[in-house]
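All chains should be built: construct the whole structure from the sequences, respecting the hints.
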Amino acid sequence: MVSRLRRLPVTLECLAPPSTDARESSIPNPKSGAERVQLMVSTGEVSTTLCRIIRADIKGEQMSTTTGQPPADWYADPTGWHERRYWDGSGWTDHVFANGKQFVDPLTTPTSAEASETTTVAVEFQQESLPETHHASTPAAETSGDSGPAAPTKVSFFGARKVAQDTREENHRLQALVDKHGLREIAELEATKESLMLEIATAQQDLAHRIAETEQDLARKVASTEHDLARQITAAQQELAKTQAATQTAYAERATIAADVVNLRESVLLQEFGLYDHENPAEASVSLATELESLRTQIKQAVRDGKATTATAGFTFNNSKAKGDKFVRDMSKLMLRCYNAEAENCLKSVRAGNLATAQKRLGTTVDQVERLGGMIDLHITPNYHRLRLRELELASRHLQALQVEKELERERREELRQQKQAEQELAREKERLEKERAHYANVLATLIANGDTDGAERIRAQIADVDRAIENVDYRAANIKAGYVYVISNIGSFGPNVVKIGMTRRLEPMDRVNELGDASVPFRFDVHALFFADNALSIEAMLHQNFADRRLNRVNLRREYFRATPAEVLEALNEHRVEVLEYTVEPAAAEYRSSATR
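Read left to right, the sequence shown gives residues 1 to 598 (UniProt numbering).
It is worth saying that the hints were derived from the structure and are not from the lab. Glycine included, every Cβ here is placed at the ideal spot set by N, Cα and C. Some hints here could point you the wrong way.
[Said to hold, decoys possible] Below, a list of computed lysine to aspartate or glutamate pairs in the EDC-like style, where the Cα atoms sit at most 16 Å apart:
| no. | residue 1 | residue 2 |
| --- | --- | --- |
| 1 | K333 | E370 |
| 2 | K360 | E393 |
| 3 | K333 | E393 |
| 4 | K430 | E471 |
| 5 | K500 | E540 |
| 6 | K333 | D305 |
| 7 | K420 | D511 |
| 8 | K430 | D467 |
| 9 | K481 | E415 |
| 10 | K101 | E83 |
| 11 | K500 | D549 |
| 12 | K435 | D467 |
| 13 | K307 | D377 |
| 14 | K360 | E342 |
| 15 | K430 | D474 |
| 16 | K481 | E423 |
| 17 | K481 | D534 |
| 18 | K500 | E423 |
| 19 | K300 | E253 |
| 20 | K435 | E393 |
| 21 | K500 | E560 |
| 22 | K430 | E508 |
| 23 | K360 | E344 |
| 24 | K435 | E471 |
| 25 | K500 | E515 |
| 26 | K326 | D377 |
| 27 | K430 | D377 |
| 28 | K500 | D377 |
| 29 | K420 | E508 |
| 30 | K348 | E393 |
[As the list claims (entries may be wrong)] Derived DEER-like restraints, expressed as beta-carbon distance ranges:
| no. | residue 1 | residue 2 | range |
| --- | --- | --- | --- |
| 31 | E515 | N345 | 41 to 47 Å |
| 32 | H95 | D206 | 37 to 43 Å |
| 33 | S493 | E409 | 21 to 27 Å |
| 34 | A590 | R390 | 51 to 57 Å |
What follows is the structure in structure tokens.
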């Protein structure tokens, strides 16, 4: 509406009659003000309000209509915006012509609402403005319709002056109406308003753009700040965690140092009584380490509580009870130091088999302390002495266990050595038998080639014996339970009623017997029984179990010596139905008997 009000003067001027040009003279020329206003409304040049204002001043004016419609063609643009506008025979179109070019002018196309409003105003204006005589016009005028402008009227040469004068007067009258109702000011206000609205829109767009840029910049700064803060917080948390860890470590070290200080103070106090943290062999024992630790705690507690020694309570020195008490304390401390030093020496010298000697030595020290401290009735308490003896016992037990373990390990190595030696002997024997069989096979082939049937049969028999020997060797190599069980004795070394019961997988069992009597004993062993059995290990275990209560060494079970006679062993074999082809009850003992007679 603003743009149309701004163009109002131009529109009103365009309502003037065209020039006398032949082309322009054919443009529809409304004769009355009502027709011109109707044309303005139909072309969308004025608003409804403006039409009503103009209509109020020119109401009652007679408007003549023309009959018929002009033909479709290009005419001068009634709006004055362009040089030419196309008339399609019923109304003005959007097709315009200017500067030698043809194009479409969309500004002249009103919206649907404006077109509806314009049509309504034009109809109302026509009905109210035209007199009754207008409706009684010619049929051509009635049939022409209101959809387009009136048909162009041909102006004669002599009437052109009159038409121009009427048009000029009509223009002056319309200009007066515009001035009367302040339409120029309204147009200017509308133009100002439109300019301000445009500036406001531009300012709003600029403001929105600046706000968007500010928000983006602020978002970037906030994100960067948050990232920096998060990094700083993470670094601070890590530093705090390190500080807390360092603090905890420092507290732990402080507690450890404090405990060490207390332990050092206690150690200094105990060392004044000669009690040191000396090494005890039982410390390395899994089963005795806990008991040893508990025992040492009891020993230290007894020293701290003053329950390691007892002495008289009413002793005086130079008629002074205080000096007497001090003398008793110093003497008790000195004697206890001597006792603890001797206990430590006994602990260092104790072995697997001299526990009784070490305990007797410590008991002698107790007697010496009591004798030297007889003036103050000084004694080592029995409970404290019992604890120190128990300490010696634990050390001896551990040393004995170590010795037994060493013996068992040595026996296991010996057993593995015997087993490996037996396997080597079986392998060598099998190799020898295979070579022997190959030799017999060559001889057999030669005898068969020479036709010696008897010789070939003898060789076949020998080959069969060799095959049986090879099968026996393979069986013994595959069956680890098979072997020789032996019962031997050595009167010159162990006495008449001691036998050794064992088994060997050696190919030559006497090699094992001879090894036992080589250098470890002064005389050779006498063999009472030596027989092969498929279950030699079971027979050996049965005999060991039968004479378990007569075992000489009950610590090391690999020492297979029993206090029994050869006759008792034979009786045990018969009870368990073990087949023995040869068994000698009385030993020969040739070397021993010869040595005894000289």
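Against the structure, the hints come out as follows:
Between K333 and E370, the direct Cα distance comes to roughly 13 Å. Compliance with the 16 Å bound is thereby established for this hinted pair. With a C-alpha separation of about 12 Å, the suggested pair K360 and E393 falls inside the 16 Å cut-off, and the hint holds. Among the hinted pairs, K333 with E393 is inconsistent with the structure: their alpha-carbon atoms are about 25 Å apart, more than 16 Å. At most 16 Å may separate the alpha-carbon atoms for a hinted pair to count; K430 and E471 meet this at roughly 9 Å.
Annotation: proposed proximity of K500 to E540 holds, straight-line Cα distance about 11 Å (limit 16 Å). A threshold of 16 Å between alpha carbons decides the hint, and for K333 with D305 the separation of about 13 Å falls inside it, so the pair holds. The straight-line distance between the Cα atoms of K420 and D511 is roughly 14 Å, inside the 16 Å bound, and the hint therefore holds. For a cut-off of 16 Å, the pair hint linking K430 to D467 stands: about 10 Å separates their Cα positions.
Of the pairs offered as hints, the one joining K481 and E415 holds, with about 14 Å between alpha carbons and a cut-off of 16 Å not exceeded. This hinted pair checks out: K101 and E83 have alpha carbons roughly 10 Å apart, not beyond 16 Å. Proximity of K500 to D549 is assessed by CA-CA distance (about 14 Å); at most 16 Å being required, the pair is judged to hold. Our distance criterion of 16 Å between C-alpha atoms is met by K435 and D467, whose separation comes to about 11 Å.
Proximity of K307 to D377 is assessed by CA-CA distance (about 15 Å); at most 16 Å being required, the pair is judged to hold. For the proposed pair K360 and E342, the alpha carbon gap of about 12 Å is at most 16 Å, so the pair holds. With a C-alpha separation of about 8 Å, the suggested pair K430 and D474 falls inside the 16 Å cut-off, and the hint holds. Note on K481 and E423: the hinted pairing holds, with a Cα-Cα distance of about 13 Å set against a maximum of 16 Å.
Simply put, K481 and D534 have alpha-carbon atoms about 6 Å apart, close enough for the 16 Å limit, and the pair holds. Of the pairs offered as hints, the one joining K500 and E423 is violated, with about 24 Å between alpha carbons and a cut-off of 16 Å exceeded. Taken as a hint, the K300 and E253 pair is broken in the structure, with Cα atoms around 25 Å apart against an allowance of 16 Å. Proximity of K435 to E393 is assessed by CA-CA distance (about 62 Å); at most 16 Å being required, the pair is judged violated.
Simply put, K500 and E560 have alpha-carbon atoms about 6 Å apart, close enough for the 16 Å limit, and the pair holds. Distance hint between K430 and E508 is fulfilled; the C-alpha atoms sit about 14 Å from each other, no more than 16 Å. A C-alpha spacing of about 14 Å is found between K360 and E344, which places the hinted pair at or below 16 Å, so the restraint holds. Proposed proximity of K435 and E471 is supported: the alpha carbons are some 15 Å apart, at most 16 Å.
Between K500 and E515 the CA atoms are separated by roughly 14 Å; this keeps the pair inside 16 Å, and the hint holds. About 15 Å separates the Cα atoms of K326 and D377, which keeps this hinted pair within 16 Å; it holds. The suggested pairing of K430 with D377 is violated, with an alpha-carbon distance near 83 Å, which exceeds 16 Å. For the suggested pair K500 and D377, the alpha carbons sit about 58 Å apart, so the restraint of at most 16 Å is broken.
Taking the CA atoms of K420 and E508, the gap is about 14 Å. The hint holds against a cut of 16 Å. This hinted pair checks out: K348 and E393 have alpha carbons roughly 12 Å apart, not beyond 16 Å. Take E515 and N345: their Cβ atoms lie about 42 Å apart, and the range 41 to 47 Å holds. Taken as a hint, the range 37 to 43 Å holds for the pair H95 and D206, whose Cβ atoms sit roughly 38 Å apart.
The supplied range of 21 to 27 Å is met by S493 and E409, whose beta-carbon atoms lie about 25 Å from each other. Distance hint for A590 and R390: a CB-CB separation of about 52 Å, consistent with the stated range 51 to 57 Å.
This entry does not satisfy hints 3, 18, 19, 20, 27, 28, going by the numbered hints stated previously.
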